[in-house]
Amino acid sequence: MSLKYIFFPGCFIPAMLPHVEYCIRYVLKTLNVEIQETPELSCCPPKITSIGDFREWLTISARNLAIADKYGLNILTPCNGCFESFFEAKHFLEHRVDLSRDTIDILKKLGLSHEIKTTVKHFVEVLYEDVGLDKIAEKIVKPLNGLKVAVHYGCHLFVTEPGGDVWKKPKMMDEILRTLGVEIVRDGLERICCGFVLSTINDEKAVLERAEVRIKSVKSLDVDCLVTPCPQCHIRLEYSQIKLRSIKNVRYDLPVLHLAELVAIAFGLDPLKMRFDRLHRSPVKPVFEKLLREGGG
Amino acid sequence: MFPKEITSKLKNMASEVYETGPNRYVITLSDLEKIRDASKILFDEGFRISTISTLDRGFYFELLYHFVKKNTVASIKIIVPKDKNVVPSITPIIPGANWLEREVRDLFGIEFTEHPEPKRVVLPPEWKDKPPLRKPKVPELPQTYANYLISLASKAALASLSGLAKRRRKQMGLPEVVVPIHESKEVIKTIREISRKLKVDRKVPLGGE
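If you read the sequences in order, they're chains A and B.
Numbering of the first sequence is given in numbering that gives the first Met the number 0, commencing with residue 0 and proceeding in unit increments.
Numbering of the second sequence is given in numbering that gives the first Met the number 0, commencing with residue 0 and proceeding in unit increments.
Simulated from the structure, these hints should not be mistaken for laboratory data.
The C-beta atom is built at its ideal place from N, Cα and C for all residues, glycine as well.
Among these hints, one or two may not hold up.
Cβ-Cβ distance ranges computed for the label pairs, FRET-style [claimed, not checked]:
#, chain 1, residue 1, chain 2, residue 2, range
1, A, ARG95, B, SER29, 22 to 28 Å
2, B, GLU4, A, GLU160, 45 to 51 Å
3, B, PRO91, A, HIS90, 48 to 54 Å
All chains, full assembly: derive it from the sequences and hints.
Shown next as structure tokens:
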């Protein structure tokens, strides 16, 4: 039975990380996961908009969920921010009727159902739970043995139902990486924030007090790169290294890769042929060269 | 206890009636033009006007007319957009509101139509500067958060595809139009309607027709 989802890439990946979108589509195609793109959807919108207007955030997010519900499909998103927004909107609709009264009224007027059966699934969940590690292992043509990585899950991958296991999805990501043959090295700071939300208020503070703490710690480990499943973390951790050169005149040169890139490389994609190294803002070329040299071993 | 008959009389003109505490009621009027009728109902029921509070909410003013009867306080709330800036005076009905309205006029620059004595009461007659408590017409929200709401209403997304991003996507063979930054006119229209229904236009300008 083939898997089918409403694909919701979010805005960061299409606008700023096209190479990541390419890898995600490549991985899903290789795994025979069908995606449907519907033009009726709008921005998720991120949970931070609820500071401006809570009901606006909830209603727009619920509208997207209700449209996916109309198609009877679950939403697949590779963006941690979109995942959190949809996940929490569904939670509010189900458990906080007092806060979602206006939203339910508007959904009714738009001819949409407020009883949402659609579930939002992160890219990591789809790979681990729906596709399965066995099928991923079958498709590997170039195991990534010998690659040592540090991981940065992104805060919203820890989002779960109240009382649920917050480490459920991060552990799924670890298992996917191990299936590819990657060795994970830990520094105990996996849950630290990349500084994305703080950067909307104070960029320099976000760079110095969030991103640098993690970059410095990973740099002290014996790893080839840092891997993240989150587009915001990806952008912040690369951008912060450039910013640190001008603020403090320090060079970290830590390569940052997206999870989808590693999976796509293991599935046979040549990142150098696609010139992905030119789309990154961190020095990833040596990592790609190492993978292409050692891959298959 | 707030008499039920008053609530039912006000119901046609109120968008919301709620209790904020024991013997404390707030009645939000759906239209500021109804302030005279609403005040008359309370005045005829034996309420007296206590004071008028004005809150500058950036894009609009919130005027609260506090009425008191024994230990009951009922506040009538009206929303005055800064562009409109004019409210019907209740002084012809309740003479005691004379100085209260003049004080609001002096400090916030709101005009009260048909006020019998529209003269300065707090400020000196030679005052030339702007009304001292009137803030500029800016969103009440910090700009960062206001921008998110403006962006949602104008393009139904928080980002858009730059020329460079479009070129890169084309080179890689990725779809030219991608959800959610496709800037579809129908989706933008729907989002703007949702924003209007939720009164987001009181916080930020939504644009459009």
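Against the structure, the hints:
| no. | hint | in the structure |
| --- | --- | --- |
| 1 | A/ARG95 x B/SER29: 22 to 28 Å | holds (27 Å) |
| 2 | B/GLU4 x A/GLU160: 45 to 51 Å | holds (48 Å) |
| 3 | B/PRO91 x A/HIS90: 48 to 54 Å | holds (53 Å) |
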